[in-house]
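Order-wise, the sequence lines are chains A and B.
Here the first sequence is numbered in the numbering used here, starting from 1 and rising by one per residue.
Here the second sequence is numbered in the numbering used here, starting from 371 and rising by one per residue.
Please note: incorrect hints may appear among the correct ones.
So, partial list: chain B residues that the calculated Cβ filter (under 7 angstroms) puts toward chain A [said to hold, decoys possible]:
{"no.": "1", "residue": "Ala379"}
{"no.": "2", "residue": "Tyr402"}
{"no.": "3", "residue": "Arg408"}
{"no.": "4", "residue": "Phe412"}
{"no.": "5", "residue": "Ser426"}
{"no.": "6", "residue": "Val465"}
{"no.": "7", "residue": "Leu466"}
{"no.": "8", "residue": "Ile469"}
{"no.": "9", "residue": "Leu471"}
{"no.": "10", "residue": "Phe584"}
{"no.": "11", "residue": "Pro616"}
{"no.": "12", "residue": "Pro627"}
Beyond 12 angstroms from chain B on every Cβ pair, some chain A residues (computed) [what the hints assert, rightly or not]:
{"no.": "13", "residue": "His195"}
{"no.": "14", "residue": "Gln272"}
{"no.": "15", "residue": "Leu308"}
Only part of the chain A face toward chain B is listed, based on derived beta-carbon distances under 10 angstroms [stated by the list, open to error]:
{"no.": "16", "residue": "Ser46"}
{"no.": "17", "residue": "Phe68"}
{"no.": "18", "residue": "Val69"}
{"no.": "19", "residue": "Arg104"}
{"no.": "20", "residue": "Tyr105"}
{"no.": "21", "residue": "Leu106"}
{"no.": "22", "residue": "Pro107"}
{"no.": "23", "residue": "Ala119"}
{"no.": "24", "residue": "Asp247"}
{"no.": "25", "residue": "Thr301"}
{"no.": "26", "residue": "Phe305"}
{"no.": "27", "residue": "Asn367"}
It should be emphasised that the hints constitute simulated quantities derived from the structure, not laboratory data.
All C-beta atoms, glycine included, are put in the ideal place defined by N, C-alpha and C.
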Amino acid sequence: MIANKPTQSDVVGQLTDTLPTGRTAGRSRLLRWLLTVGLIALVLASIFVDTLTSGVGSAFLAQRFQTFVTIFLGIFIEAAPFLLAGSLVSGAIAVFVDQSLLDRYLPRRALPAALSGAALGLFFPVCECGVVPVARRLYEKGLPTSIGVAFLLAAPVVNPVVIVSTYAAFGWGPVLWARVGFSFLVATVVGLIFHLAQAREILLPRISDAHAHACDHHGHAHSEHDSTLAKPKLGVRVQQALNTAGDDFLDMARYLILGAMLAAAMQTLVPQSALLAVGRGPILSVIAMQALAFVLSICSTVDAFLALAFSGAFTTGSIITFLTFGPMVDIKSALMFLGVFQRRVVLYLIILPLLLTLLIGVFWNLNIGL
Amino acid sequence: MQSLKTQNAVKALLLIALAFFLYTRLANGTLYFYINARFVGFTLIAVFGLLAVALSYRFGQKRPQLADEHGHEHAAAAHDHQHSHAFSWGGALIVLLPIALGLFVPPQPLGAAALSNREINSGANSLDTPAVARAIEEKAPASKNLLDWWQTLRASANPAQELAGQAVNVTGFVYHDERFGTDAFMVTRYVVSCCVADASPLGLVVHWPQAPEFKDDQWIEVKGTFAPSTIEAWQLPILVAESVTPVAAPNHPYLYP
Numbered sequence: 001m002i003a004n005k006p007t008q009s010d011v012v013g014q015l016t017d018t019l020p021t022g023r024t025a026g027r028s029r030l031l032r033w034l035l036t037v038g039l040i041a042l043v044l045a046s047i048f049v050d051t052l053t054s055g056v057g058s059a060f061l062a063q064r065f066q067t068f069v070t071i072f073l074g075i076f077i078e079a080a081p082f083l084l085a086g087s088l089v090s091g092a093i094a095v096f097v098d099q100s101l102l103d104r105y106l107p108r109r110a111l112p113a114a115l116s117g118a119a120l121g122l123f124f125p126v127c128e129c130g131v132v133p134v135a136r137r138l139y140e141k142g143l144p145t146s147i148g149v150a151f152l153l154a155a156p157v158v159n160p161v162v163i164v165s166t167y168a169a170f171g172w173g174p175v176l177w178a179r180v181g182f183s184f185l186v187a188t189v190v191g192l193i194f195h196l197a198q199a200r201e202i203l204l205p206r207i208s209d210a211h212a213h214a215c216d217h218h219g220h221a222h223s224e225h226d227s228t229l230a231k232p233k234l235g236v237r238v239q240q241a242l243n244t245a246g247d248d249f250l251d252m253a254r255y256l257i258l259g260a261m262l263a264a265a266m267q268t269l270v271p272q273s274a275l276l277a278v279g280r281g282p283i284l285s286v287i288a289m290q291a292l293a294f295v296l297s298i299c300s301t302v303d304a305f306l307a308l309a310f311s312g313a314f315t316t317g318s319i320i321t322f323l324t325f326g327p328m329v330d331i332k333s334a335l336m337f338l339g340v341f342q343r344r345v346v347l348y349l350i351i352l353p354l355l356l357t358l359l360i361g362v363f364w365n366l367n368i369g370l
Numbered sequence: 371m372q373s374l375k376t377q378n379a380v381k382a383l384l385l386i387a388l389a390f391f392l393y394t395r396l397a398n399g400t401l402y403f404y405i406n407a408r409f410v411g412f413t414l415i416a417v418f419g420l421l422a423v424a425l426s427y428r429f430g431q432k433r434p435q436l437a438d439e440h441g442h443e444h445a446a447a448a449h450d451h452q453h454s455h456a457f458s459w460g461g462a463l464i465v466l467l468p469i470a471l472g473l474f475v476p477p478q479p480l481g482a483a484a485l486s487n488r489e490i491n492s493g494a495n496s497l498d499t500p501a502v503a504r505a506i507e508e509k510a511p512a513s514k515n516l517l518d519w520w521q522t523l524r525a526s527a528n529p530a531q532e533l534a535g536q537a538v539n540v541t542g543f544v545y546h547d548e549r550f551g552t553d554a555f556m557v558t559r560y561v562v563s564c565c566v567a568d569a570s571p572l573g574l575v576v577h578w579p580q581a582p583e584f585k586d587d588q589w590i591e592v593k594g595t596f597a598p599s600t601i602e603a604w605q606l607p608i609l610v611a612e613s614v615t616p617v618a619a620p621n622h623p624y625l626y627p
């Protein structure tokens, strides 16, 4: 009883400490979301005002808005099943995968860790929408940071479904091998760069807390817990998994929706010709295709078919860059990264693949062929 | 959202609303305005998946603890845990956005308006980008759609001359452009491999003296024959129409490669 008292007041103290800050944090988050949405609306509005005053009339405005809504809903409806699939995998991992399993089988040394992260996609065939909740859940299970980063970047390309669709579009040829190989390479390199980073430094606080939690207990004998607590029945565990999947889906859906809106707005407002007019030289063409990949935010399973349409007019290097950079980073997935990583890290995760794929594309154009 | 019960109820309702939204789009056929028909099965699976996930919240009063969190249930962890699943009203509003936009903006496929932003594949410009390079099916000319014709065009070294005289019967929507002049328009379709985000338009220039009678986005069936022509220095076959009939918009507005 006496020993209990201070802990109880501690807890109360903690609660009173954290409650107001928690509420303000929630409010500022709401404010941030509203500001983001407001900003998008403002950008749209300014364009619409422009078209209205230019005399084209409200019919044109309505058409622009209609186009925006159609593209936005297109991206969302297309991505929703895959996000749900990723969330279900995440829920299943949360309930059915013991973290000691990860400790036992995943390498901790730098290079093996990055390599295995980049190859993990072969066993989790998820696309760029599904990979984010899975990676996040694995982080909460104590996955090393480098493996997670490499997995996140490589899985959208280094997986059976995407390899088959790229084969369908380009056949067995340099584009297919270069796409898979370079995605693997870039993901491994970025994973290595993040090898020394602490989870606390890169992950969002609540994920790194769970991560630290998992790692703290990684030395403990797990059988101790298992023997003291009877595992719940399968039905209950399935329900837990579905519950977790629902939480994950709704959480990530926010990022997906905002990302899809941004991508749709860009598609409605920025003419593709403006991006592609940037240039067709060995260097500028690569940059133009990177910009296009970032803006389009299309799914990695089909971007090969779109790239095919450009393959005659654009350099091979730029096509390869389009096919490696796009799946790793685009507006939609960058927004979704915000649900896992701190903002600073998301910036790194955009810039590092951007520079590496730029290097690869330019190198290809200058040394291997246009 | 304070209580766990409210949170779970809101989450379940949001998931059900999303499932219902997807289902209505599927049921009334407007889903084809957004995605390639190949992916419609996934949407159907998602409807059931969302419902299953939503129903799992039905024992909402007490959230079952995860198996491996049982072991270390000290106060801090419990607090973190609750915090991590907090779902704000702002988040709920964002999830409602697609539903709200879907309800208040009548669904429409991409049309002539979107062409202005996709110039690279429209009109004469599109001729410097090769379309899909898969093998061209040996179809009878009269049953070729715009995509088939496009591939025939791409495969030909000198399409303007080689295709001249062939009979054409295609369906698409009208798109006017100054480059075509007042007695011509383009009969246009979008090709969608995944969703409308990757839509690329293609079309044939139709010569028809009464071209101005048809407004942009009007769906038409064009019958005619190819004749060699030049548009903006591009040698290409122009479709000289014998008849242009207004038709209802097809159930599948896009072509799939």
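Satisfaction of the A:Val69 interface hint, Cβ to chain B closer than 10 angstroms: holds (5 angstroms)
Status of the B:Val465 interface restraint (C-beta, 7 angstroms, chain A): holds (5 angstroms)
Chain A contact restraint on B:Tyr402 - CB to CB distance below 7 angstroms: violated (11 angstroms)
Given hint A:Thr301 near chain B, where the shortest CB pair must fall under 10 angstroms: Result: holds, 7 angstroms to nearest chain B Cβ.
Cut-off 7 angstroms, beta-carbon criterion: hint that B:Ser426 touches chain A: Cβ of B:Ser426 sits 3 angstroms from chain A, so the hint holds.
Evaluation of the interface hint that places A:Tyr105 against chain B, nearest CB under 10 angstroms: Result: violated, 17 angstroms to nearest chain B Cβ.
Minimum beta-carbon distance criterion (7 angstroms), B:Leu466 to chain A: violated (9 angstroms)
Restraint outcome when B:Pro616 is required to lie within 7 angstroms of chain A by C-beta distance: Violated - the Cβ of B:Pro616 stays beyond 7 angstroms from chain A, reaching only about 20 angstroms at its closest.
A:Leu106 as chain B interface residue, shortest Cβ-Cβ below 10 angstroms: Violated: closest Cβ of chain B sits about 17 angstroms from A:Leu106, beyond 10 angstroms.
Per-residue hint verdict: A:Arg104, partner chain B, C-beta under 10 angstroms: It is violated, given that the least Cβ distance between A:Arg104 and chain B is near 15 angstroms, above 10 angstroms.
Minimum beta-carbon distance criterion (10 angstroms), A:Asp247 to chain B: holds (5 angstroms)
Hint status (Cβ of B:Pro627 to nearest Cβ of chain A, threshold 7 angstroms): holds (6 angstroms)
The structure is inconsistent with the numbered hints 1, 2, 3, 7, 8, 10, 11, 14, 15, 16, 19, 20, 21, 22, 23, 27, although it conforms to all the rest.
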